[in-house]
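With the hints as extra help, turn the sequences into a complete structure.
2 protein chains.
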Amino acid sequence: MSGKLVIIGTGPGNPDQTTPQARDAIAAGEQFFGYGPYLDRLSLRPDQRRMPSDNREEISRARAALDAASKGASVCVVSGGDPGVFAMAAAICEAIETGPETWRRLELVVLPGVTAMLAVAARAGAPLGHDFCAISLSDNLKPWELIERRLRAVSEAGLVIALYNPISGARPWQLATAFKILRESLPVTTPVIFGRAVGRPDEDFVVVPLGEADQQRADMATCVIIGSAETRIIDRPGMDPLVYSPRGAGL
Amino acid sequence: MSGKLVIIGTGPGNPDQTTPQARDAIAAGEQFFGYGPYLDRLSLRPDQRRMPSDNREEISRARAALDAASKGASVCVVSGGDPGVFAMAAAICEAIETGPETWRRLELVVLPGVTAMLAVAARAGAPLGHDFCAISLSDNLKPWELIERRLRAVSEAGLVIALYNPISGARPWQLATAFKILRESLPVTTPVIFGRAVGRPDEDFVVVPLGEADQQRADMATCVIIGSAETRIIDRPGMDPLVYSPRGAGL
Chain A
1 MSGKLVIIGT GPGNPDQTTP QARDAIAAGE QFFGYGPYLD RLSLRPDQRR
51 MPSDNREEIS RARAALDAAS KGASVCVVSG GDPGVFAMAA AICEAIETGP
101 ETWRRLELVV LPGVTAMLAV AARAGAPLGH DFCAISLSDN LKPWELIERR
151 LRAVSEAGLV IALYNPISGA RPWQLATAFK ILRESLPVTT PVIFGRAVGR
201 PDEDFVVVPL GEADQQRADM ATCVIIGSAE TRIIDRPGMD PLVYSPRGAG
251 L
Chain B
1 MSGKLVIIGT GPGNPDQTTP QARDAIAAGE QFFGYGPYLD RLSLRPDQRR
51 MPSDNREEIS RARAALDAAS KGASVCVVSG GDPGVFAMAA AICEAIETGP
101 ETWRRLELVV LPGVTAMLAV AARAGAPLGH DFCAISLSDN LKPWELIERR
151 LRAVSEAGLV IALYNPISGA RPWQLATAFK ILRESLPVTT PVIFGRAVGR
201 PDEDFVVVPL GEADQQRADM ATCVIIGSAE TRIIDRPGMD PLVYSPRGAG
251 L
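Going down the list, the sequences are from chains A and B.
Here the first sequence stands for residues 1 to 251, numbered as in UniProt numbering.
Here the second sequence stands for residues 1 to 251, numbered as in UniProt numbering.
Note that these hints are calculated values from the structure, not bench results.
C-beta: ideal position from N, C-alpha, C; glycine also.
Estimated spans, in silico, between C-beta atoms of each pair:
1. PHE205(A) to ARG152(B): 27 to 37 Å
2. GLU156(A) to ARG171(B): 21 to 31 Å
3. LYS71(B) to THR189(A): 27 to 37 Å
4. ALA28(B) to ARG149(A): 39 to 49 Å
5. ARG49(A) to SER60(B): 46 to 56 Å
6. ARG149(A) to GLU30(B): 43 to 53 Å
7. ARG171(B) to ARG49(A): 44 to 54 Å
8. GLU156(B) to VAL188(A): 21 to 31 Å
9. PRO187(A) to ALA28(B): 35 to 45 Å
10. LYS71(B) to PHE205(A): 27 to 37 Å
11. GLU145(A) to LEU44(B): 47 to 57 Å
What follows is the structure, given as structure tokens:
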């Protein structure tokens, strides 16, 4: 029995942003592991088996998927966005490293996707137009002190910042604290973009200055992009402004 | 006359990684502006007009595209990867900000794509599995001192680093200097990934320890990913090793 495990990124949510490569892999899969709402977005056939799990059960989901593949199944593990950005690819690797030897012999394929910050940036203009970083604001797996240190380092170095996992019921104050830290080194006029479900019917998208950025605008699925001191806004008559970061920068 | 300008990311190069949204926009376009090799990858019809230009002419290309759109054409500006990551979206915004008022009234759409670091990361495993950044090593538009400062800040803060534009004929020493700076704060065993044309027939992909990273392995189109101190390698019998960054981290 030799199974196969494919880790798939379906993109930001609009089906037109899922790559043909990911669609073909979904069509060929037998068993599907992932967060329930992500699996709901796939149009699976009756012969394809759904194995939904909660968002916080990444390692047990990874082990279950590897176990199914090692028994000979063609298994898909599904992430929204890109599976390598704060998603299932790292969890699968962790499970392989600490799991039975047979899991290292499985055929493993990771298919990239359009991650949330790219979709939010495209909606806004070009806020990631120069050097940038992506930081998860979840302190479930790393100490909050480390997140604070990273926020200070990257904002002082002039990088645009994309925040993933900005807030949740169990992490209610972290985003407000992050904004407070960023106000120490960035102008209050720095554009902050809140983007959620961009390109989907329930899209939520707003640009506010850092001085007025309120964590109430975000939920678990929001990607928050904070500009650098160079990030600019172009007003346009009758249209949303464009937010962009010039390609160049000074010292 | 009201034209339209669509800025399109075609993904890493494998046509199966171009989103249906980008394909549809290409099918609907009349005039195509972009770096010649990117335009060559599109299967344009005889009635669709190619306007290729050199890689270093981004602002003049942006202005020509905006001018054509303002005259009523349906214009596509084409980038490889994602247009918002060290590509044409920021150049178009710069041109709009400094250009005639009419350019602000144009319908402008940015369509995201799979950027190089996501494709290279997927090929390797999950090296971007925790906090990471993307830095262009080109000092054409920013001083080298700023790049050095950013490399120090992000490596000391524990971020994984994706380097874009690592080397070119006119910038022959920058990548070797970057490796030298990173060796000051990262272990010599830190995995470094060189990925070029991933998923295409001419793919070039290799993983080496930072202590042996040689800039000769890269060219202009290579994306170089340097792990953090936590990034790990899983050996697999008869297959490439997996490179991944665990989701958690300590202080």
